[in-house]
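The chain contents come next:
4 protein chains.
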Amino acid sequence: MIAFGGPTGQTLAMTESSKGACLVIGAGDDTGGAIANAFAREGYEACLVRRPRNGSDLDDLAEAIRAEGNIAHALPTDARDEDAMIALVEKIESEIAPIEVAVFNIGANVNFPIEDTTGRVYRKVWEMGSFAGFLLGREAAKRMAPRGRGTILFTGATASMRGGKGYSAFAGAKFALRALAQSMARELGPKNIHVAHIVVDGAIDSRFIRENVPNVDELRAADGILSPDAIAQNYVMLHNQSRTAWTHELDLRPWQENW
Amino acid sequence: MIAFGGPTGQTLAMTESSKGACLVIGAGDDTGGAIANAFAREGYEACLVRRPRNGSDLDDLAEAIRAEGNIAHALPTDARDEDAMIALVEKIESEIAPIEVAVFNIGANVNFPIEDTTGRVYRKVWEMGSFAGFLLGREAAKRMAPRGRGTILFTGATASMRGGKGYSAFAGAKFALRALAQSMARELGPKNIHVAHIVVDGAIDSRFIRENVPNVDELRAADGILSPDAIAQNYVMLHNQSRTAWTHELDLRPWQENW
Amino acid sequence: MIAFGGPTGQTLAMTESSKGACLVIGAGDDTGGAIANAFAREGYEACLVRRPRNGSDLDDLAEAIRAEGNIAHALPTDARDEDAMIALVEKIESEIAPIEVAVFNIGANVNFPIEDTTGRVYRKVWEMGSFAGFLLGREAAKRMAPRGRGTILFTGATASMRGGKGYSAFAGAKFALRALAQSMARELGPKNIHVAHIVVDGAIDSRFIRENVPNVDELRAADGILSPDAIAQNYVMLHNQSRTAWTHELDLRPWQENW
Amino acid sequence: MIAFGGPTGQTLAMTESSKGACLVIGAGDDTGGAIANAFAREGYEACLVRRPRNGSDLDDLAEAIRAEGNIAHALPTDARDEDAMIALVEKIESEIAPIEVAVFNIGANVNFPIEDTTGRVYRKVWEMGSFAGFLLGREAAKRMAPRGRGTILFTGATASMRGGKGYSAFAGAKFALRALAQSMARELGPKNIHVAHIVVDGAIDSRFIRENVPNVDELRAADGILSPDAIAQNYVMLHNQSRTAWTHELDLRPWQENW
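Sequences listed follow chains Z, C, W and E, in order.
Numbering-wise (the working numbering), the first sequence opens with residue 1 and increments by one.
Numbering-wise (the working numbering), the second sequence opens with residue 1 and increments by one.
Numbering-wise (the working numbering), the third sequence opens with residue 1 and increments by one.
Numbering-wise (the working numbering), the fourth sequence opens with residue 1 and increments by one.
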């Protein structure tokens, strides 16, 4: 084990004995956190990324993972910044562990009438929802391809499949991310890198929903809202699939959902 | 435990302590057999169905499952026969165990130029690939709905998503089966019945392939052909998914596949 | 011109100078009638088919087409009957004109909970919505392929793309018809036969809608309901497309539609 | 008619009697040129846009349209520049004619392995293929919505539907453009603005293909390559569709195409 001063100053632990690193971009919300936690429980070093301004939330998540006896590194990074993403992956690979699993989980859900959608918003949603995913995918692929193994998982949404009213920016970003996942899967599958796209189709039991949906407790009691831990189990399952039968795309929605 | 003379004469065992029945229509080929075996290992009584003329193969499969200490019933039935399917489900429910899992796994893959496709072939492929699936789905739903639980799984194929050259009959049947799965999922999800459709996109390590693909051993050695057991694990996974995050559709293909 | 006693007894006119025959299966409702009329106006002999029990409606349609100075033949036939369909096409080809355009326009829209869907209904909807389409497609292809030209058009619906609640039978039939159209297009395109699938996504200004939708007049006044004549123009357009740029699938819906 | 000094200096003619303006972004290649020409023949003033460095090509196209007695304006503009696009639309609306038809036809087809795709390329392809389309769509919508009419057409490609190997950037841009078209169609349809997406699936008889495909003359002779004029006819057809039966999406491919 060697010491390493992470971006937010805490000492990170690199263990020889871990299964490798699981890098989660968008570890800030409930889903990303649950995914990171689930892979940490599987023995991977959770490398947690969200934008620097939310660094303290990231530290909290890292602490929670460590409290279970697992390994986590808080690595605040602007995922839309190409140089920063290259440096992030280099740091993890050289100082923490080989990236065995890379998860892209940035949402960027906005809804505006087309006439009120500014170029700034349209671009920013794409940078968060597509460009950052491309950077993660490419940098992960560069490291995984020579090793001949790895898993890259992209979180999709209802808007990955359907351009609904007011969703020109968000659906644009999610459609592009799905295109990326398909293209990478076709290219990297034969290199033994498993690329999958998970379509989360419904409300997630997240901070935003808890603060904005009045009947959220009722929904949760009825299993009527997506549980982040349940979502996370599917990410771990995808990573563990036999390579004779890999899934590229699956959807996830609550049993009660009207779709 | 009570004794019960099954259709092929052997004594079937009904146990109070099992998790219930897993009914597999199309248990004759390698995939259906592996699915039945996987659920038997999970504690379900495997109810194995294929057409009566293949009854001895069915007995062999049942024996193989029992040899592992699990429970299996050989129930040869013509799945295209409405009365026979109603009687089959009634028999299982009254004499074996409640059907907790119903799997439809009949293939019916044929390829003919449109001009050479007879009405008889077109109809038969639909009867095997769609109508039998409808009968299973409906009879299972009738039993599961009052209990408020259950899982119904349909095996799809590449031809479920794309009507390729020469596949007017086969793709017709598989498209219709996918429509059935979607329609049932939307209707039965809110009744806590999980309906899913699995798109198997590639060659399976089955008897047909072993007899017709020259380099099958090479493919298997490279994990380049779908393993029936790996497929089966996904069926069990779907049954065990948290209902806060159910999958309706996923694809399965070997890592090397060109798609 | 030669005389020929048609199935309902009237004398049919065969002209050497027509552009050929346009066979419309399902010419009974407003859409099929409008399509037949539109091709008749283009100079094709409209060969009108619906089931024999609606023979008088067919005669009315034929009269309406003739009243415009165009040619129509009422040919009541059970489109689900393979022998009858073979005989129908033989009769048209030998006694009327070569079939240049074949249109399949049978609907068969029903909605039942899965548990209440009888095997009889499920089968009948498929026979009307898929099997009859297969018979038309195959018989038309047999005649068109040796001539190296022709157009075959299939009418789809919302249920061609989505298996909604209660639509296991109807969506099953429409999905299968779409599979047929795709498969035939891939096979017959290189034989210079244009196969297309039109997804009609919305209410049509038909007798059923006029009798069941209270605000139909208001909808029509606002162009908020699909006009059969507008639909028909798209069928003619598809037939007239340059073969350097053929459309296989398009959707049609009113401007106001919520989709 | 009033005189107006256009961006490249030539005098543009504004006629009171035209049907309005047809703005074509990406009028540089053969397809965009053919579309502009087709709408000019219908009586629209063709407003031709491609990037300023290709201004002379644009002048040539404008001359060719004028040589037929129709109206064209060469308006070289960087379509990725929000301010420039706002100014372009303002100029057309105030100095030429109301925009009745807006066509987005920028391609940006590139293919790179994921590992060799630079951030610069990924971003530039999106800016050309998606962001510019968004700017056109939004600015057109702003002008059309108060008038309660208009047509906005987006050119798609095979990569709009499928993320093929090496197409992470191009498919990303085309998927996003399709999302935009869907979202705008759902929002603007009820405002009587027809938004459609045309999937061009095959090689077009364009300068690039003529210079790179050896057997292009043979293909053209056999109608085996998409004719720009044939494509253009479909754009005009979409604009002229009855609003009781609007098409949102159609595909175009040569009759011989293997798809």
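Simulated from the structure, these hints should not be mistaken for laboratory data.
Honestly, I wouldn't trust all of these hints.
Cβ pair distances, simulated, as ranges [said to hold, decoys possible]:
(1) 121/Z - 258/W: 24 to 32 Å
(2) 63/Z - 64/C: 47 to 55 Å
(3) 113/Z - 212/E: 54 to 62 Å
(4) 210/Z - 213/W: 37 to 45 Å
Everything numeric in this text was worked out from a predicted model, so none of it was measured.
Using N, Cα and C, we set each Cβ at its ideal position, and we do this for glycine too.
Against the structure, the hints:
1. Taking the beta carbon of each, residue 121/Z and residue 258/W are about 25 Å apart, inside 24 to 32 Å as hinted.
2. The hinted range of 47 to 55 Å is satisfied by residue 63/Z and residue 64/C, whose Cβ atoms lie roughly 50 Å apart.
3. Between residue 113/Z and residue 212/E the CB atoms are about 42 Å apart, so this pair departs from the stated range of 54 to 62 Å.
4. About 42 Å separates the C-beta atoms of residue 210/Z and residue 213/W, a value consistent with the hinted range of 37 to 45 Å.
Taken one by one, the earlier hints fail for this structure only at number 3.
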